[in-house]
Amino acid sequence: MTIEDIIKPENLVYKKPDLMNDRPMHYCPGCSHGVVHKLIGEVLEEMDVVEDTIGITPVGCAVFAYNYLDIDWEEAAHGRAPAMAVAIKRLRPNKLVFTYQGDGDLAAIGTAETIHACNRGDSITIIFVNNGIYGMTGGQMAPTTLEGMKTATCPYGRNVKLNGYPLKITNLLKELDGTCYVTRQSVHTAAAVRKAKKAIRKAFENNLNQKGVSVVEIVSTCNSGWKMTPDQSNKWMEENMFPAYPLGDLKDTTI
Amino acid sequence: MSEEIKLMKGNEAIAHAAIRCGCDGYFGYPITPQSEVLETLMEVEPWKTTGMNVLQAESEVAAINMVYGGAGTGKKVMTSSSSPGVSLKQEGVSYLAGAELPALIVNVMRGGPGLGTIQPSQADYFQTVKGGGHGDYKLIALAPASVQEMADFVGLAFDLAFKYRNPAIILADGVIGQMMEKVVLPPFKARRTDEEIVKECPWAAVGKPKNRERNVITSLELDPAVMEERNIHLQEKYKTIEANEVRYEEIQCEDAEYLLVAFGSSARICQKAVEVARAQGIKVGLLRPITLWPFPSKIIAKYADQVKAMLSVELNAGQMVEDVRLAVNGKVKVEHFGRLGGIVYTPDEIIEAMKTKIM
Ligand SMILES: Cc1ncc(C[n+]2csc(CCOP(=O)(O)OP(=O)(O)O)c2C)c(N)n1
Ligand code: SF4
Ligand SMILES: [Mg+2]
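So the protein sequences, as listed, match chains A and L. Residue numbering for the first sequence follows our numbering, beginning at 1 and increasing consecutively. Residue numbering for the second sequence follows our numbering, beginning at 256 and increasing consecutively.
Honestly, the hints are just simulated from the structure, not real lab data. Mixed in with the good hints there might be a few duds.
Cut-off 30 angstroms, straight-line C-alpha distance, at most; resulting in silico cross-link-like pairs (DSS-like, lysine-lysine) [stated by the list, open to error]:
hint, chain 1, residue 1, chain 2, residue 2
1, L, Lys-385, L, Lys-612
2, A, Lys-211, L, Lys-303
3, A, Lys-38, L, Lys-465
4, A, Lys-8, L, Lys-465
5, A, Lys-197, L, Lys-465
6, L, Lys-612, A, Lys-16
The model shown is predicted, which means the values in this text are computed figures rather than measured ones.
Next up, chain A with everything else stripped away, as it sits in the complex (with noise of 0.2 angstroms):
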């Protein structure tokens, strides 16, 4: 058998979305960004609602997300995603506006515009990668670092004395009667992807059927921030991530 007689259309299982475009990618290998770009490239196109979606960039890692995915970006000052939502989904009330927040920009700078965002409830969609650090900028303390965890800030592990405790912000914004949905995901594992591809999904219905605010935090990891391989990460993931901010959802007003 050749290479040809094997790389037919029909014996494809897996392809990335046409969505997403063949530029090469700034993420570290191992980095969540690029699957969690991927989930919202399928979910859009399985929609068919590229012609009626905006997103936001936020400033973090995942500030050249318009690099990847070709539909319609605006790329925020840091922290102020939510606060663009609001006035683009009450200027064009039929569009998917979605922002893509990191944890410094969503519960550090942007922590205002976040909470006054949900509260009031207009339709957006709030995707929310918590990898406990900030990434882009090399590492250092983001609200979501847990405590004892190491940063460039934080050297000797973060000291709730020093630096509080840290940030379960999502607990919070389902609190806020503008949540419809407020969910917690991962995308480390196969069966992990498929579950936050359908928060994501859901997440943008919601939006479309103007339902309020869905949150989708995705914890992640940050190897390059954390200093550890992709696979030591997962792992430490699962083991120390994954107690503070348990996966599932923790709002649905929606069923």
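Go by the hints and put chain L with the ligands onto chain A.
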């Protein structure tokens, strides 16, 4: 139809003019002395008539980023605030300029620094025309001197903002915002349809159809060579604006031996000072910059060949005077007269300052 003359505050005129000029959205946060803009909009409820959105944001930071988001989809959007709030907006303003988005910001200035005072001031001149936020950028800056101009400049600012894909600012002060005057409101202009927006703003992020590349609103570029190109492009655009959009008013300047330079509420008081001084036999004129950027440097340079001296009259410690001096380039004496902290000068004080400083 005969003109409809109304009596209202400058801040109210801003709100009514916004609705009438086809504005799609206003995002603001209360602060004295400009809160009547948001209050008026909430009372009129334009979403029931023209479809204009009005939203009280959680902060000025959120408000300017709402403007940024909306402007990125080609909508005609604005915000208003006063000095401390405008300071908070500066990062967003820089992003608007960097991403070349049209938008309107209104600053009804109060005295500073810090929380300062709610009384009028013109101390945000530097912030408005020299940057305010980070990076090499310019705002098209209009300085109204009457309630009528508050109304007229909303439409004008939007027109210029869209013409050049650049944020515009109306720099008013507590006097112009709060005083009541007769005003003829502009006629109603329909909001643009989504099709019209796509035509006018092919760059807008509205959802990608199959027949074009994705639109990305961003000011980010990591390749320094490309970033320099972008900056050069901005600077070229600013030169075009400087060549085409300078606006000013000359009052009794033809035979003037002395020239007052003043904008906004100061120009109104200077106009009275000119009248009183002329009755005393002093040949003085007033040049009122209407655009603070682009600054009317050429006409000021022309008067440097005619007058003996100039006095820049501003409610601050001496800001615009620097631009007057740059225009005059040492040809004649240029001095500054100001009051600070919310105190407003009288025409007599201005004449006295003229006599002691430049005569
Ligand atoms: C106003 C402002 N402050 C700080 C920064 C620097 N900065 C860029 S990204 C970032 C943190 C991003 O971390 P996170 O949101 O967790 O995203 P990640 O890179 O981990 O995906 C910071 C502090 C900035 N760009 N703008
Ligand atoms: S630094 Fe971390 S978050 Fe950023 S691309 Fe690398 S692994 Fe991903
Ligand atoms: Mg992070």
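Hints, verified against the model:
Proposed proximity of Lys-385(L) and Lys-612(L) is supported: the alpha carbons are some 26 angstroms apart, at most 30 angstroms. Pair hint Lys-211(A) plus Lys-303(L) holds up; C-alpha atoms about 22 angstroms apart against a cutoff of 30 angstroms. Straight-line distance between C-alpha atoms of Lys-38(A) and Lys-465(L) comes to about 19 angstroms, which keeps the hinted pair within the 30 angstroms bound. For the hint linking Lys-8(A) to Lys-465(L), the alpha-carbon distance of about 27 angstroms falls within 30 angstroms, and the restraint holds.
Restraint check: the Cα-Cα separation between Lys-197(A) and Lys-465(L) comes to about 24 angstroms, which is no more than 30 angstroms; the hinted pair holds. Pair hint Lys-612(L) plus Lys-16(A) does not hold up; C-alpha atoms about 74 angstroms apart against a cutoff of 30 angstroms.
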